[in-house]
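Asks: If you follow the hints, you should be able to join the two separate chains into one complex; please do so.
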Amino acid sequence: MILDVQQLYVHFPVSSTVIRAVDGVDINIEQSETLAIIGESGSGKSVLGLALLGLLPANCTVNGVIRYHGNNLLTLSENELEMIRGRKIAWVPQNPTGAMNPSMTVGNQIGEPISLHIEKNKTKIRKKVLELLQFVRIIPPEERIDSYPYSFSGGMLQRSLVAMGISGHPEVLVADEPTKGIDIMNKQAITYLLRVLREEGITLIIITHDLPFVQNFADRIAVMYSGRIVEIRGRQGFFDGPLHPYSRGLLRSLPENGLHPIPSGTEDSEENDGGCRFRFRCTSAIERCRIEPPLIPFPEGSAVRCWLYD
Amino acid sequence: MKGEGCMIEGRGLTKIFSPNSTGKNRITAVDNVNIRIEAGETLTLVGESGCGKSTLSRLLLLLIPPTRGEIFFEGQALKGLKGKELHSIRKKIQIVPQQPESSLNPRWKIAYSICEPFRIHPDLLRGRQIEEELKRLIGLVGLEPEQAARYPHQLSGGELQRAVIARAIALEPAFLICDEPTSMLDVSTQASIIHLLKTLQQDLRCALLFITHDQGLAHAIGDRTAVMFAGQIVEEGRGVLDRPYHPFTRRITSISDSGSLQPSEPQGKKIPGSCVYYQFCPKKTEKCLHSPEMMEYEDRRVRCHNFSSA
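Chains W and V, in that order, give the protein sequences. Going letter by letter, the first sequence gives residues 1 to 310 in our numbering. Going letter by letter, the second sequence gives residues 1 to 310 in our numbering.
For the record, the hints were derived by calculation from the structure and aren't laboratory data. What you are looking at is a predicted structure, and each value in this text was computed from that prediction instead of being measured. Careful, some of the hints might be misleading.
Claimed, not checked - Per the computed footprint, the stretches of chain V lying under chain W, defined by three or more beta-carbons under 8 Å from a beta-carbon of chain W, are: (1) 46-54; (2) 177-185; (3) 188-194; (4) 213-221.
Positions of the beta carbon are idealized from the N, C-alpha and C atoms, including for glycine.
For reference, chain V alone in the conformation it holds in the complex (with noise of 0.2 Å):
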């Protein structure tokens, strides 16, 4: 099933961190995922502190190899390829950071950070172009020129993602990750940087990947949403948070700010082979005790064997 305007893909991706040489304490961060994102499309990814949801980014953009999986991207299988290019596809795929400010040199002015990518990639644009795509940029983002000139100290932290934001889509990337962007803004600069990443999106036709742990934001800006536990991604469709089916969304969905629940606990032992939820699973049965498999539910994925729509 490669769809005309599949973007970005993901197979049975894999990541295994092995802290020592001798195998032991190995963590799996990322668990058998398959994602795809199509063209012009935002899926976004919601999921707890640790879930694996920045490791999954690190494999889409290619920063990490897979332990196991493969990566299409426009269709084209990414693995074996080197050097050159993949030179030429890593500059179609970009990311905004949760931190803008630990994203670029303290030591640069904002304007010679915005325009790295056309010295990374120096057979787009020369002289004269890259200055006047600068202006352009900053515009586009909503800056003012001479606010590009300072250094980013002198910038508020909404300043510095539009200047992340920026250098973000200098390349007219086809696939933009955005992790957090907004989570250390307030509420009316998350709303306007929010409306710039919306209105780029449509005008690049670029897929999105939006990560967030803000269920109001996911539901605001998401076609589609994939909840991730414990390296999984456990479900996955449109209107999971309104409607959702597996437990574990069930539990994130159903928390009020009211804070009247208390926090839950770990019950028992992990058992190896179990469902990644089984500790917390208040529906737990003895199925449970081996892992399922991605279900398809109308055009919901599900992974639980006990998932009721109700």
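For reference, chain W alone in the conformation it holds in the complex (with noise of 0.2 Å):
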């Protein structure tokens, strides 16, 4: 086990409210896995991804224990943290755009992990740069590592943010979104580095909506809901019949599937009243789902938090 997540909670104050962003999350994650986090917008997916990079910004409360080869992130210190972040646990944020550095080259920006962390040498720094352009198929390398981020496209952006973010030789990738607004050409093209990525041993948390993307690649999913995680498993056996009543509901929203869209909630819906927070959209919703259900553990590490499977 590499990364062991137990009891977090990440909470936003917000004027005379809590946002329950994160709000009780317990995953394994194993060496050399490739476990996909899905959900809907706000599900709370990318704050979790930050919270195991130790990047969530200040105003927000966590609770909780994240473990990485047995430290607790949570209770390292900043120094301790920044030999871990970007060098053992790298992050691929969304938006290629807004993530890039518009004033500094391309090469420059894939660079600066490296130097912070491995290598000060700049002839060496370049030469891995150049390598590491090769090898996220942005070609020819030598006309492009001194490029601004503004003549990149969108595809070429997104790939050049895998290019930094395994450019410290991470033993963990982050990717947020990796595939959201490119076409399929460069969707092809990030599926393809984080296969080859996968076949080395990285250890790959993908976060995303894109059900097709995670199908044929993703180890495990795990599915979150309102802070929570719902559904825990196999690729296989999750799109094969998902159990959560919101996985269901998300598999049948896809267009091959007939573009089922999940019921809207009602405004009640947003308030946390201790019961199944998804049964105000749920069609198998029965009274006891006003108590709201533990992760029910399945064979093989699969857990289910809904009380149709009691």
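Replies: See below:
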């Protein structure tokens, strides 16, 4: 086990109320596995990813344990975190245009983690960056290394971010929506890159709502809803027969399954009254759902948070 | 061939951008495109980033003039129309863009944005009528009146897209362009937005041009599909993605999300006058050094010398 998240809570105080972005998440991530975290916008998946890197904004309260090789990342000092972040656990942010510094060449931005963590010699860094650009198929690298982000297409920027993420040889790569808004050719290129990394044994955590993208790719799927994990399954099991009503709804929303949207909730569904959070949108809701179900274990490490399986 | 129901037609549309006055580095963004969409019909347009999809939609929106070619709207040639005449045609052509947040004024309340078309065309509705129409529109797209009183930053991506759709249909357009309206949304929200667009299209009997990278989506919603590559429509017809003829269409439809294929790269230099797909094509022959014309084959149009239907 490379990462062990236990009872993680990330809450944001907003004027008079508290946004519970991550609300009691437990998950183990095995060495060299590819875990996809899926869920709708606002389900807390990006916040969970940021928490793994210790990149949460200062105004939130974090509770719980994130154990990485036995150390709790949440109790490390900023200096100790610096040794891990970008070096051992790296991040590929979403929105490539916004994530790049517009006034710095792409080559220098990709080389930054290397110069921080591994190598100070500028010639060697440049050589390494050229290799990385070649690897992510930004070619010819010699002509592109000194370009500024504005001259790159969205897909090239996305691949540059992957190059930046892996430039410190991390053990774990967390990629946030790596296929959002890019075309099929670029999506194919990103999928190919992540596949190569996976075969090299890197642990991948992919935060996405692109289900076809993870369908042939992830080892396990974790479904998040309203700050909680509602289902953890092996990929095959998930796509063959999702358990949680929310997971089933997600699959039914896909174009190939008829584009059936999940019914939207009512206003009270935003309130957290201690019951199952999905019950206001759930077609299978029963009286018992007023009490929130626990994660009910299934064989082979699967689990689902739904009374239907009690 | 000017059919009764033909809503919009482009003939020989070409758009050349010249970044500098010397005429060097000219970019042919749209290259001799013929396109027609009937009333009540949906044409989906698929293609890579940068292939000219958005330039084509801007031509059809009459936002930029074509370098060559003509546009007919409800059978009427638009060439030479100015000022008032064009103003009254423009209101019948609307767009739902990819990023709703950047097409809404952040300092306007949602309701004020939705009513903007009535301020641009003040001869249609007045005072109380506008308020009633606003109520009807937000009900139609599934927003709460209370949400219309908010500012864009207070709504989610799906809610903003609903607001933009309300604005686009306010003047009951005859032709609606949807430029990847759901690529930034999660699957369930995507499904509900697509349902909304299809329902509205049936009610308004408008022609719909739906631009997308998502082939699953193109499948699910389009009557006909046009595939674009390097500024040209290379294949068009029904069932194009099920039974592709053109080598490029074959390529994009054979990509599985597994990413097992390596991304292909252009071979050799671009040869002037050759087929646009020449550098990438596995089936190229000597004939392909001369760009092919669009050929009709049964109910299909294909721009390739060597296409096969098998």
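Asks: So, for every hint listed, does it hold in this structure?
Replies: We went through each hint and held it up to the structure:
1. 46-54: Since 4 is at least three, the answer is holds.
2. 177-185: Since 4 is at least three, the answer is holds.
3. 188-194: Satisfied; 6 residues make the cut.
4. 213-221: With 8 residues closer than 8 Å to chain W, the region 213-221 of chain V meets the three-residue bar; holds.
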